[in-house]
Amino acid sequence: MKIIVPIKRVVDSNVKIRVRVDGSGVELANLKMAINPYDEIAVEEAVRLREAGTATDVLVISVGPTEAQQVLRSALAMGADRALLIETEMALEPLAVAKLLKWAVTVEQPDLVILGRQAIDDDCNQVGQMLAALLGWQQATFASKIVMNKEEIVVAREVDDGQQTLRLDLPAVVTTDLRLNEPRYASLPSIMKAKKKPLVVTPAASLGVDTAHRLEIVRTFEPASRKAGIKVTDAAELMVRLRAELNII
Amino acid sequence: MTTLLLADHDNATLKDPTRRALTAALMLGESVHVLVAGENAAAVANQASALQGVTKVLHAEASSLGQGISEAISALILSISDQYTAVVAAATAVGKSVMPRVAAKLDVMQVSEVTAVLGSDTFERPIYAGNAVQAVRSKDKKLIITVRASAFAAAEFSGTAPIQKLCFKEEPCTPSLAGRTCSTSERPELTSAKIVVSGGRGLGSSENFEKVVATLADKIGAAVGASRAAVDAGFAPNEWQVGQTGKIIAPDLYIALGVSGAIQHIAGMKDAKTIVVINSDPDAPFFQVADYGLVADLFEATPQFLEELAK
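Protein sequence lines, in the order shown, are assigned to chains A and B.
The first sequence begins at 1 in this note's numbering and counts up one residue at a time.
The second sequence begins at 1 in this note's numbering and counts up one residue at a time.
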């Protein structure tokens with residue numbers, strides 16, 4: 001059984017980003033970059049399925065610049081077998097990424113594609129669902145538990161009022177939520193080993209996929225910021241102030 | 001030229017985020033039809049027909065629709081999408097799962113989590129957990145939009161739109177439902193509550209969470225929220241999580257007990273009118289956005305607050 005895990009290189013989740021003063025976008029120069037945390041959870045799940053003997057081949061794919069090889073190497077160090085970089089210097093929209101991934105899926109014929117529910121940079125939450133629709137495959141978003149056998153996969157999903165469990169036919173697309181697993185730290189030997197694992201680079205432009213932008217970014221700006229208010233000394237003062245300023249308590 | 005709005009519901013009640021998404025849908029300047037896809041969901045269709053500004057309700061019945069199966073709902077939307085210039089949904093679990101499928105099939109780039117409508121094709125949406133906002137203009141022939149409900153007011157119930165039945169043949173090869181757990185609560189809904197009391201890692205246990213956070217919430221008629229840390233630790237169920245990947249809310253009053261205030265949590269509630277933070281750590285980042293901060297042990301401060309409340 002083969003699993004594909006698409007991963008995205010994003011600004012590290014601990015870095016506070018800054019918007020360029022001219023409104024042209026977010027300043028990305030010299031920021032610490034990392035694998036999108038939700039995608040990291042997807043890599044971990046695929047590697048666990050491989051360690052359990054359910055999967056035999058885990059292929060990680062990133063659509064991005066040359067530097068995205070670093071996050072692919074990190075995923076290989078976590079235990080993925082092979083990596084593919086679909087290289088492009090353009091920041092592509094989710095629809096274009098889904099089309100490029102469809103090309104890879106058609107070539108590789110995996111039984112499962114598992115990826116993060118959203119990337120923490122654009123927060124779009126689209127690629128997995130778009131890929132499933134383009135392939136005509138079943139999908140389960142926001143997975144918090146996965147049980148898999150040869151023909152089907154049972155996925156517990158986090159939904160607005162609780163949990164829903166779906167049984168999907170394979171092949172299928174699953175997107176991960178926070179509580180699916182806790183990704184491992186790669187050990188030094190596995191980081192060394194990952195350097196020897198196969199990593200193929202294919203230019204996105206060579207695949208005949210329409211990746212033109214559909215959304216024009218008019219401007220990017222900082223949201224109105226909140227300022228710290230006052231510190232109160234005790235619960236009694238807090239109540240006095242809330243009662244004075246709000247009519248709801 | 002008409003806009004289609006997908007209703008979010010539980011087959012009995014129209015959910016509040018749909019009323020807010022309607023406000024955004026009406027800003028596109030076209031008439032709005034509401035699609036109610038459910039099972040035994042006639043009551044929802046009736047509620048939708050009473051929404052102010054809606055000109056027609058489309059009502060389709062099937063068990064897969066009632067279970068919220070994305071493959072079924074997206075197929076239904078696609079079967080009627082050529083009559084619409086825009087398809088809109090609230091960015092709920094169902095909306096987020098269904099709409100990108102529709103967009104991909106129509107070869108449209110979806111605009112996710114819209115927080116402002118600037119024109120018929122131009123929108124604001126937050127990126128980087130709300131640390132930046134982008135204004136984007138769609139160049140596609142159709143608009144596919146999800147709406148961040150907390151950014152818009154809820155449409156009133158004062159209309160009487162006609163309800164039209166739609167035929168829907170079950171899609172072959174859709175996922176089947178293998179289980180469902182649903183929280184039932186007498187408390188106000190988290191996404192529409194005027195007051196929310198939230199608990200974090202500082203509560204220490206699910207018993208304390210219930211004893212302190214839930215008790216205060218029930219005393220003041222509030223909904224209960226939680227930080228990711230509290231949910232991960234098992235103190236609170238996943239549907240209570242507030243933040244970048246949990247619920248995004250904008251109550252009048254948000255009271256945070258023992259929540260440190262990670263940016264991913266603040267992303268979910270920074271539009272609250274008034275923020276109260278009680279935390280024993282004076283350096284907790286949450287104090288930087290709090291209107292009223294109280295550095296205190298929450299296990300002492302919360303009972304005192306309840307005593308003051310009774311006065």
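Honestly, the hints are just simulated from the structure, not real lab data.
These numbers were taken from a predicted model, which means no experiment stands behind them.
C-beta atoms are modelled at their ideal positions from N, C-alpha and C, and glycine is treated no differently.
Some hints here could point you the wrong way.
[As the list claims (entries may be wrong)] Think about it this way: if two alpha-carbon atoms lie no more than 25 Å apart in a straight line, the pair counts; the simulated SDA-like pairs of lysine to any residue are: (1) 145(A) - 211(B); (2) 169(B) - 135(A); (3) 211(B) - 56(B); (4) 231(A) - 310(B); (5) 227(A) - 105(B); (6) 16(A) - 219(B); (7) 105(B) - 231(A); (8) 194(B) - 171(B); (9) 139(B) - 209(A); (10) 227(A) - 80(B); (11) 227(A) - 151(B); (12) 105(B) - 181(B); (13) 32(A) - 263(B); (14) 16(A) - 121(A); (15) 231(A) - 220(B); (16) 219(B) - 185(B); (17) 142(B) - 80(B); (18) 142(B) - 119(B); (19) 105(B) - 151(B); (20) 142(B) - 215(A); (21) 273(B) - 192(B); (22) 2(A) - 135(A); (23) 16(A) - 56(B).
[Claimed, not checked] Per label pair, the in silico range of CB-to-CB distance: (24) 194(B) - 190(A): 48 to 58 Å; (25) 224(A) - 180(B): 47 to 57 Å; (26) 157(B) - 162(A): 47 to 57 Å; (27) 15(A) - 160(B): 13 to 23 Å.
Q) Where does the structure disagree with the numbered hints, that is, which hint numbers, in rising order? A) 1, 3, 5, 6, 7, 8, 10, 12, 19, 23, 25, 26 and 27
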